[in-house]
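Novice: The lines below spell out each chain.
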Amino acid sequence: SQQGEEDPQALSIQEGENATMNCSYKTSINNLQWYRQNSGRGLVHLILIRSNEREKHSGRLRVTLDTSKKSSSLLITASRAADTASYFCATVGSARQLTFGSGTQLTVLP
Amino acid sequence: EPEVTQTPSHQVTQMGQEVILRCVPISNHLYFYWYRQILGQKVEFLVSFYNNEISEKSEIFDDQFSVERPDGSNFTLKIRSTKLEDSAMYFCASSETSGNRNEQFFGPGTRLTVL
Numbered sequence: 001s002q003q004g005e006e007d008p009q010a011l012s013i014q015e016g017e018n019a020t021m022n023c024s025y026k027t028s029i030n031n032l033q034w035y036r037q038n039s040g041r042g043l044v045h046l047i048l049i050r051s052n053e054r055e056k057h058s059g060r061l062r063v064t065l066d067t068s069k070k071s072s073s074l075l076i077t078a079s080r081a082a083d084t085a086s087y088f089c090a091t092v093g094s095a096r097q098l099t100f101g102s103g104t105q106l107t108v109l110p
Numbered sequence: 111e112p113e114v115t116q117t118p119s120h121q122v123t124q125m126g127q128e129v130i131l132r133c134v135p136i137s138n139h140l141y142f143y144w145y146r147q148i149l150g151q152k153v154e155f156l157v158s159f160y161n162n163e164i165s166e167k168s169e170i171f172d173d174q175f176s177v178e179r180p181d182g183s184n185f186t187l188k189i190r191s192t193k194l195e196d197s198a199m200y201f202c203a204s205s206e207t208s209g210n211r212n213e214q215f216f217g218p219g220t221r222l223t224v225l
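Note that the protein sequences, when read in sequence, are chains A and B.
In terms of the numbering used here, the first sequence has 104 at position 104, counting the first letter as 1, and numbering is strictly consecutive.
In terms of the numbering used here, the second sequence has 124 at position 14, counting the first letter as 1, and numbering is strictly consecutive.
Treat the hints as calculated values from the structure; they're not laboratory data.
Predicted model, so just to flag it, every value in this text is computed and none were measured.
Ideal placement from N, C-alpha and C gives every residue a C-beta, glycine not left out.
Mixed in with the good hints there might be a few duds.
[What the hints assert, rightly or not] In silico PhoX-like links for lysine-lysine, alpha-carbon gap of 25 angstroms or less: (1) K26/A to K167/B; (2) K167/B to K188/B; (3) K167/B to K193/B; (4) K69/A to K152/B; (5) K193/B to K152/B; (6) K70/A to K56/A; (7) K26/A to K152/B; (8) K69/A to K56/A; (9) K152/B to K188/B; (10) K152/B to K70/A; (11) K69/A to K26/A; (12) K152/B to K167/B.
[As the list claims (entries may be wrong)] Far from chain B, some chain A residues (derived; all Cβ distances over 12 angstroms): (13) P8; (14) R54; (15) H57; (16) R60; (17) L61; (18) D66; (19) K70; (20) R80; (21) D83; (22) S102; (23) V108; (24) P110.
Construct the complete structure from the given sequences, taking the supplied hints into account.
Specialist: Laid out in structure tokens, this is it:
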């Protein structure tokens, strides 16, 4: 679980399939963000969902948020080999600092 | 598209030496951050900086660490006397002030190797 471990830690799928990653958190939040990290590179912001939102879409990404369960999920539809990366959710602290979990390593096989 | 840049991409140093990692945040951003990622571990927050002062720091950010914004564009992280356990990727990030959106833009990182 985030703050926390992500679920699953590793995921391997075939190109074209959907990938779902989950995280849970422990504190109250204003928003929750998802980031991607390609191997050995910096993090790239993917999507932000506010605490008063339940679902948000951006291209092939769909994020859900359940504040009652303190959990979020990231769905990547019609995955591509280029989606291979680590995915992290992050919560925001009082000084705007991000707290990341351990992430999910997604491998999309061609 | 504006981006955060970091130099050097890889720094090798001897234990006990001082290192300075440099970052150029996105020009209209006002909030700056340093994070680190030890190989195989999660990304950890080190320090946040706003209005020329530290706004938050983690327990990792002890007296051996300092940050500075020496001019209008650079943001530096200094480690005074490096230890073996300081070996990690160090990421700089910046964000603009826009309520609590706080989308952070990360640089490509500096890989620090302490021998």
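Novice: May I ask which of the numbered hints given earlier this structure violates, with the numbers listed in increasing order?
Specialist: Hint 22 is the one this structure does not satisfy, whereas the remaining hints hold.
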